[in-house]
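Top to bottom, those sequences are chains A and B.
Just so you know, we're using this note's numbering here: the first sequence kicks off at 1 and counts up by one.
Just so you know, we're using this note's numbering here: the second sequence kicks off at 1 and counts up by one.
Don't take each hint at face value.
Where chains are identical, the list cannot tell them apart; a pair therefore holds if satisfied intra-copy or between any two copies.
Derived pair list, reagent style EDC-like, types lysine to aspartate or glutamate, alpha-carbon separation capped at 20 Å [claimed, not checked]: (1) LYS37 x GLU67; (2) LYS107 x GLU32; (3) LYS110 x GLU87; (4) LYS136 x GLU16; (5) LYS107 x GLU67; (6) LYS110 x ASP97; (7) LYS107 x GLU96; (8) LYS129 x GLU16; (9) LYS136 x GLU124; (10) LYS129 x GLU61; (11) LYS110 x GLU61.
Simulated from the structure, these hints should not be mistaken for lab results.
Number of protein chains: 2
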Amino acid sequence: MSAVGLDTRLTDEHHESLRLWLRLLTCTHLIETQVRKGLAAQFKTTLPRFDLMAQLERTPEGLQMGELSRRMLVTGGNVTGIVDQLERSGLIVRTEDPADRRAYLVKLTKEGRRLFAQMATEHESWIVKLLSGIPKREQRTLQESLARLRSQLTRIPS
Amino acid sequence: MSAVGLDTRLTDEHHESLRLWLRLLTCTHLIETQVRKGLAAQFKTTLPRFDLMAQLERTPEGLQMGELSRRMLVTGGNVTGIVDQLERSGLIVRTEDPADRRAYLVKLTKEGRRLFAQMATEHESWIVKLLSGIPKREQRTLQESLARLRSQLTRIPS
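Could you build the full structure based on these sequences and the hints that come with them?
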């Protein structure tokens, strides 16, 4: 193969990776936009608040602030600000961490769990609808490719 | 099939869609985190700024503010604030829109184009590396599935 041929091939490969990333980003962005709209319209809430409550729902024993920030899947939210708002609304509480007196844990209240369950049900139905155009078999293939990508990405030193 | 069987199947299907969405979100988030780190370390800039410059680079004739906001792929950035910062750094300019006297267009300056080209080259090499664990053939399958998802998502009325 000529040097020019190799060069072209490398460039194409680069462009393919970039195109894949842009497509991943675009799909995520389009779905996020719909979810943001649904949360605003039906629950007068935001995606970062929903995401934060989702993280707490998975850990009933509560999370320290640092760990909570690390687990958030959507960016752009100010975690301390969101915690303050949700606490004022009675949806979460701060309690002393029994394992670390200098830190506190954030947990959902009973009312927080109740509201989150409602939001989660709606959210799930939006996602099902948004992904409904992809045949189930293809969803499974996508799932597997993304699982592989994910496991590779989590091995990258940060 | 019994009613219980149907119910279980529907629930599984729901969970599968949700799992796929969370995986998509997680992969996007992990890649974004690496890109944010690279942009901060090597160019002392942010992802929303890079995204904004990328949108302008694709439209040398310039974009109105509303259109620019719509095209942004990453959320959480305040577009007017970013435009102000980039203008102060001499990387973009605001000019009168010849087609609409009440509006202005935002464009990259020559310096902005030069810096963006450098950032884009680096950015592409990060993406190639981040996706390198997925075999090329699988990348192509992913690409096609995401293309289908994207075309379905853009048909949803907003």
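Consistency of the hints with the structure:
1. LYS37 x GLU67: between (27 Å within a copy, 19 Å between copies)
2. LYS107 x GLU32: Intra 25 Å, inter 28 Å, cutoff 20 Å: neither.
3. LYS110 x GLU87: within (12 Å within a copy, 49 Å between copies)
4. LYS136 x GLU16: between (25 Å within a copy, 9 Å between copies)
5. LYS107 x GLU67: Within one copy only: 13 Å inside, 40 Å across.
6. LYS110 x ASP97: Cα proximity of LYS110 and ASP97: one copy only (19 Å, versus 54 Å across).
7. LYS107 x GLU96: Within one copy only: 11 Å inside, 52 Å across.
8. LYS129 x GLU16: between (29 Å within a copy, 12 Å between copies)
9. LYS136 x GLU124: within (16 Å within a copy, 32 Å between copies)
10. LYS129 x GLU61: So LYS129 and GLU61 fail the 20 Å test inside a copy (33 Å) and across (38 Å) alike.
11. LYS110 x GLU61: within (13 Å within a copy, 55 Å between copies)
Hints 2, 10 from the earlier list are contradicted by this structure; the remaining hints agree with it.
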